[in-house]
Amino acid sequence: MKQLLSGNEAVARGAFEAGVKMAVGYPGTPSTEILETMAVRHRSVYSQWSPNEKVAFEVGIGASIGGARALVTMKHVGLNVAADPLMTFAYTGVNGGFVVVSADDPEMHSSQNEQDNRIFARFANIPFLEPADSQESKDMLVAAYEISERYDTPVMLRMTTRISHTLGIVELGEPVNLKERKFVKSPEKYVMIPSNARVRHVVVAERLKELAKYSEVTPFNRVESNGSNIGIISGGVAYQYAKEVAPRFDYFKIGFGYPLPLDAIRKFVEQHERVLVVEELEPVFEDQIKAAGIWVEGKKFFGALGELSPSRVAQGLKDAGLIDEVVKPEITQEELFPRPPVLCPGCPHRGAFMALKKLGVAVTGDIGCYTLGVLKPLNSLDTCICMGASIGNAIGMEKVKGSEKGTVAVIGDSTFFHSGITGLLDAVYNQSNVTVIILDNRATAMTGGQEHPGTGHTLMGDPVGRVDLHELVQALGVKNFEVVDAYDYDATLACIKRQMETPGPSVIVTNRPCVLMPKRIMDEPYVIDAELCNACSACFRISCPAIAASHETNEHGSPKAIIDETLCTGCTLCAQICPTEAIVLKSQFVKV
Amino acid sequence: MTKQAYDILIVGVGGQGVLLASEIISEVAMHAGLDVKKSEIHGMSQRGGVVTSHVRIGPKVYSPTIQQGEVDILMGFEKAEALRFAGWMKAAGTVIVSHTTLVPAIVTSTKGLHYPEDAIDDLKKKIHNVIDVEADKIAAELGNPRLVNTILIGVLSNLLPFDEKLWTDTIKSQVKEKFVAVNLQAFARGRSIHLAAVSP
Ligand code: SF4
Ligand code: SF4
Ligand code: SF4
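So the protein sequences, as listed, match chains A and B.
Taking the working numbering, the leading residue of the first sequence gets 1, the next gets one more, and so forth.
Taking the working numbering, the leading residue of the second sequence gets 1, the next gets one more, and so forth.
Here chain B stands alone, though its shape is the one from the complex (with noise of 0.2 Å):
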């Protein structure tokens, strides 16, 4: 991969630890000699709203959100808030997606609001490279859902050049001392998930 420059978005349901995985990307991005920026809203959004986190990586880079239409790398924390960005993707962009569903109260308690349970198949009809993962069943297994950002974070580092002593120093750095050993347990599992679906 010879590509210098990445617009990742990163999106997901407030409290899934979407803005700690977009910390650990831009760590590495920087300790790699890039330009890094790294946008997001939160406030509001903590009590399960929608967050979404931008992550720009490049030789300079300047807007700290990317424009619509230009995501390389779409980040699904949960497979209907990935849906739900699919538009921000160039269509040669890859998205990795969890199988994580979270419906909302409002969906429940309200008539004519559906969830789409589909949403994963909805996302490979538009786009060629989507990489689902079941990061949520995968996060349960090693005992603690909190941990599906972590195995994203092992499937995006083969999409991107950095090496890979980089991200588990930076895992390393970034999470609790006694969250470590697990954390790298799910970065590793994240990481030998196989790529077919990703064209060269």
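Chain A extracted, bound-state conformation (with noise of 0.2 Å):
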């Protein structure tokens, strides 16, 4: 049976029809539909989101060590913070076969950095498969699960934003029929202290020489010969960005990248007068065929930088004086205001921007909707490194401060059980006056409101108890704790001042969910009265995408403010700022 599916949803049936067992991992762009997909077609598989994608890998690892096949899910800077247990499994290898899927995110379309997670592959001496379209992106999976069981290793599959988001037409396959695999104790092989670790490392090199022949002869790496004297060498997208601009040349289509098949790859290049690489991000496959002493050229053409497209690899073919044309937009493009992503009309977040943006203070921040803080109008944000960092950063700051003012961060309840908590012990630790500012908007926000510790729901939907944010870090020995309401301007102003003046590290809680998740949240709607309002601007300065500018001027020209009811959620934030009361409840507006 054939269904569009996206690379995503693919990677899901893939793990299905492969008899994996556990799929775990947390939640991140590009990545989050696998687990999602899981959950809800595949329920025969237990899912599971964990807090971070460390404890998501390490969970992985034991359901491989203890016999099943296992899915471990994340972005590409989650594979950072998996990085310490990735490192120490390639030594080890699996019992039950292990995937982890990396889905990196060129052009940053929603990350902090576009890290080429294939790097990460060769770092950790694991192999790699990366998929050009949602059909490979499942039959990938499937054979990864017996290359990681045949070599003993764990395998990357190596996604993209475009292969993880496009849909594609896949031909779907049964479950295989797997036999059942056994823990079997085995100490000098699972257990890294240093006298094992050095015969593992040996085992590890063995195995890349067996992996480097299966290489040379899996149908993933392929020539695709149309007699050119052409050659281009490509996987991933760029594969099909190639094939699309210039089908004519010859291919050498890379499916399984590490190692590479350089004796094909030799071939390859000896039959053809030139031969490009086209590969989006670093020179990965590039430097290590002409460290091997081939040549082929490729990123003086197509840059290093951001995501490739089918326009850019034509320029690139032109500029290495391949093909004649690229295609030129007959139509100029305009030059529009921008419209970028702003908090949603109600978003609790905006109350502590608010607050933070009038006391002018350091504010660290973190990973999520609340990074928005950090775009005009509401300018409240100072830092954004990864996840988990505002705590350490603002620990970092304050201690080298003095006696100037103190420092805030920021951070998600979601983040905060990612890997702030460590942060906050630290700052309990070392004795540091940093004010914590928890988020707490009951949701994994920022990736479409994923269940997490805080939720009171597992992935798979069950039902369980929250973690008690105030007992939580009251057991971390912080002893100023407060929440507050971020929809109570000035009790969250002053509630953020008294902490900042209180000794020690304070923990404050905003308390109100998020206005999407799980159920769009409508209270009665605000109106503005034109008559009353004075076109001061102070509404439109929340960057609140309900408030917009009316057609009616004050005696200046200045618009007034005009609130559209269908958006409207009734947080009451902006008739509390408003210094002329012009915004009251629909209800209670009666025009004289």
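No lab work stands behind these hints: they were computed from the structure.
Some hints here could point you the wrong way.
[Unchecked claim] Only pairs whose alpha carbons sit at most 27 Å apart, straight line, appear in this in silico DSSO-like list of lysine-lysine:
{"id": "1", "chain 1": "A", "residue 1": "519", "chain 2": "B", "residue 2": "176"}
{"id": "2", "chain 1": "B", "residue 1": "137", "chain 2": "B", "residue 2": "178"}
{"id": "3", "chain 1": "B", "residue 1": "90", "chain 2": "A", "residue 2": "318"}
{"id": "4", "chain 1": "B", "residue 1": "125", "chain 2": "A", "residue 2": "328"}
{"id": "5", "chain 1": "A", "residue 1": "357", "chain 2": "B", "residue 2": "111"}
Join the two chains, each given in its own frame, into one complex according to the hints.
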């Protein structure tokens, strides 16, 4: 049967067909839909969100050593968090097959960097497979488990945003019939004390040689001959772009990317007058091929920054003198106003940011919807590095500032559970005066509202107890703790001020849920009395998408404000800051 | 219409249903026996940012995205966004654009930024085939502003060589049951829109 599946849905389907027993990860664009699909469509597989990628990876390792096939999913930066277990798991090898999906984000559509995780596979000495469409996403995942078990190694499936989020036609298969594996005690394999690890490192080196032989013969690495004297070596989505703009060249398509099939590549290069490597981001293939003494070209024509596209590949081929013309747009592109993402109308983070802006203090930020607080007109974040960094950043800043005003860290609930807890522990241990605001919106909102230890539900929908932030924070040794309603602007402002003046680490929890999750929250909307509005623009500066400029103006020609009732959630914030009290509940507005 | 390959770019603002619309078109194309790829960027853009979805239909599709300058049909769920992506069109292509106007907060709070109220006239100056549809009004009439996408799909269905039944069956399978009837109405309204602007 044929079905339209995104790359991520195809990976989930592949896991089902491969007889995976455990699927685990942490949400992160563009990887999130893999586990979401597992939980909805493939419920026979046990699936869970872990608090972070390192834990997810370790859970997957446990499942593998226990004898089951395990799937672990994360975005590219998530693999940084899980790098520690990855590097050593490469030594021990697996029992049940183990695949980690790394969903990279070239162009940083929703990420803080665009690292190329093909390098991670080399770094860890494990093989990676790289699909170029949805069908391959499924097929390669199934094959990855066979490779993992045959060669006793964890395997990486490297996806990118364009593969994860592209829908394509997939021919579905039947689930495989697996022989059951049992856990077998084997400390010399699984306990990496130095004496065992030294032995295993030798095994890793031997295994790479075997994998290199496999790389030469696997059908995932193949030559597509069109009788051309120009050759292209490519993989992943870059292969599709090249095929699109230059279908007549010969291709060496790489699907099994590490170790590279260098003998086959050498032969391919010898048979062609000129060979170009077309790859996105880093020159991972090109450098290895050149290091083997094989002459190819590539990066100098295509660049190493950002996402490729058919146009960029065409331009690169033209610069290399291989094609004559590239499509030039016939219609000029308009330069229009920007439309950046913004906090939703009624977002619970808005109140805290309004207060922080007013206070004008240094604010260390973190990864989540609230990172949008950096944008105009809220302008209230000073740092954003990686998951959980806000608290550590704040400790460092505060320690070097001396008697100056304190530093505030903002962090979401999901991010706090992910990697904020240890930062807070540091603040307590090293007696930092930081004020930490946990923006508790009861969801992993940025990636679509996934469950986490504080929501009361698991990925598969089972109800569980919620972690109590107060108890948790108290147990870490924090004495100053307050809960505040982020929709109460004055109270929020006063609370932050108070806690900044209190010596020692403080934690403030804002307790309004995300207005989108799990159900859209809408209260009675507010309206603006145009008679009372003096066009002071205070309400524009809180960046609520429900507030717009009206066609009415004041005597100086400044626009008065108007509220879109279908968008307004009734959060009350704009009404609290309007100096003329022009913003009133719809039911209380009486036209005179 | 004998053509077999179409590059369709759908643009709008987060929350307008761009992704659902592109999914429906892709399903129809697959059931009509063609290869299809649909690629979009979401994530950050869900929060009121720009959303674009590329749908490529043909006997064999490689790239998941369309080359700039190669779009056959541009579907704009918001008029300024349609104008923003006009540069992706072939000059001989067709634009289907809703009169929907969504002015972002940044424009109201920043001096020097303005919203192009005359976006549709501008489009008509650049591109010969522009079908402008008061989809926002029709959707409001039908009782749900979110129907803009289905109305535009109705208009689009006139330009593609697929059976009407394929469209309606797909809509039935893709939308929640309680919204099926009103979506079919919206589709029919779009499909009945006069296509005088399109050259044969
Ligand atoms: S999704 Fe939720 S947390 Fe994120 S911006 Fe919207 S309301 Fe705020
Ligand atoms: S804050 Fe009040 S007075 Fe000022 S522009 Fe907004 S509605 Fe008008
Ligand atoms: S009450 Fe004001 S700030 Fe809150 S959602 Fe409505 S318009 Fe926006």
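Against the structure, the hints come out as follows:
{"no.": "1", "hint": "A:519 x B:176", "verdict": "holds (16 Å)"}
{"no.": "2", "hint": "B:137 x B:178", "verdict": "holds (22 Å)"}
{"no.": "3", "hint": "B:90 x A:318", "verdict": "holds (21 Å)"}
{"no.": "4", "hint": "B:125 x A:328", "verdict": "holds (19 Å)"}
{"no.": "5", "hint": "A:357 x B:111", "verdict": "holds (20 Å)"}
Every hint, counting from the list given before, is met by this structure.
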